[in-house]
Amino acid sequence: MNKQSNTYTLLYIIGIVVVVGTALAIVSTTLKSLQEKNADADKMKQILLSVNQQPENIDSLTAIFNRCVEGITINAEGQTVAGKKAFDINVANESKKPADERLLPLYIFRDNEIGTKYIIPMNGNGLWGPIWGYISLNEDGTTVYGAYFSHQGETPGLGAEIEKPFFRDRFKGKTLFKDGKFLPIEIVKAGQHPLGDADYVDGISGGTITSKGVGAMIDNCLVPYRQFLETLKK
Amino acid sequence: MAEKTSYKSIILNPLSQNNPVVVQILGICSVLAVTAKLEPAIVMGLSVIAVLAFSNVIISLIRNTIPTNIRIIVQLVVVAGLVVIVNQLLQAYAYNVSKQLSVFIGLIITNCILMGRLEAFAMSNRPWPSFLDGVGNGLGYTIILIIVGFVRELFGSGTLLGHQVIPQWCYDHGYQNNGLMILPPMALIVVACIIWIQRSFNKDLQDK
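Listed in order, the protein sequences are those of chains A and B.
Letter by letter, the first sequence follows residues 1 to 234 of our numbering.
Letter by letter, the second sequence follows residues 1 to 208 of our numbering.
If we strip away everything but chain A, and leave its shape as in the complex, we get (with noise of 0.2 angstroms):
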């Protein structure tokens, strides 16, 4: 046949991604299990390192996990919904919805050791790409307790430094209410202060759209948690 004609080339086209396709949808199909099962421990890692645990390896993690945290569903009001389960919910699309109508995954840390802690995930936007977390608290409902951050593809040595322990300590201790008052942690330039009396950490030089991004995030996910909140405190 020959090989410069349309009908070859257009056989040759169609054939080759017909193999390709197929080569692609049998590695997909056979590697997804594993791929989920790694997603679904990843997730589960950066829920506990939120408390500052850090299982050895996948099998004490599930462990852990499962002996410890317990998820729950609320929503704006506070209230608990039934039927949803917290681990599966999509935290990066109900943080595009407005606060009222969001479903709200909390998870509720219990331990002999260091006591209970409700652990709240988050998610944002970075410079190039999604940035997420989990802010845990303390009993009181406003004392941070520990926080995990990390993103797709922040610059490395600059905006990426925010999944650093350096990064995350700072948040440890501030708090959420000052006299009565809801204030998410907010993210300043080192040296600076915020306008009003909100808690504050340093954000990162050179990494400032990324900072912005954790500090708006920080925001917009926490407040509709505020009712829940408020009624730990009392």
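Read the hints as simulated data drawn from the structure, not as lab findings.
Glycine is no exception: its CB is placed at the ideal position from the N, C-alpha and C atoms.
Be aware that a few hints might be false.
Okay, the calculated bits of chain B under chain A, using three or more residues with CB under 8 angstroms as the criterion [stated by the list, open to error]:
1. 36-43
2. 60-70
3. 82-92
Since the structure of chain A is already known, use the hints to place chain B on it.
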């Protein structure tokens, strides 16, 4: 015997004499993107070696059947397919690394070294030399990535592979990490320095 030497030169030439990055100036974009830290640079290099070697072999196997007027498209389909497979494998078996590299793995598709080697070598050579050529050029790329990543992480963050290597007393005596090292322009300057050093030792590469 003659063939054996040529195999050797196929794999060794791209390491220095005909290095894809510092001699042919290809693939500079990813050198800027992934070298702020050493670890992603190494994994990126390994991924490029794998994709380059296998796409070279595949294209070389089917080189006589490819219609010339759509050969670039066929090459792209093969490269893109392989890159997606590498990405899926990383997600299944090396989840943390795949999270670190995220978009950069996908960007291998647009790496000029791949298209260059497929067009220049795999289209006109048998599979085994093509495989060696892919590995050689991938290694040449990886070496530069590692050198640049080493310099940038050491002077930019004071660490190597995430471990602190510049001792605390240096900081106590007023040493500071060079923030410019982390920014993309510094990768270009480091690459330029490598080119300068290499050419000053290698008279063949100097412009007359």
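Results for each hint:
1. Using a Cβ-Cβ cut-off of 8 angstroms, 3 residues of the segment 36-43 of chain B lie near chain A, which meets the minimum of three, so the contact claim holds.
2. Counting residues of the segment 60-70 of chain B whose C-beta lies closer than 8 angstroms to any C-beta of chain A gives 6; at least three are required, and the coverage claim holds.
3. Judged by the Cβ-Cβ criterion of 8 angstroms, the segment 82-92 of chain B is covered by chain A as claimed, because 6 of its residues qualify and three suffice.
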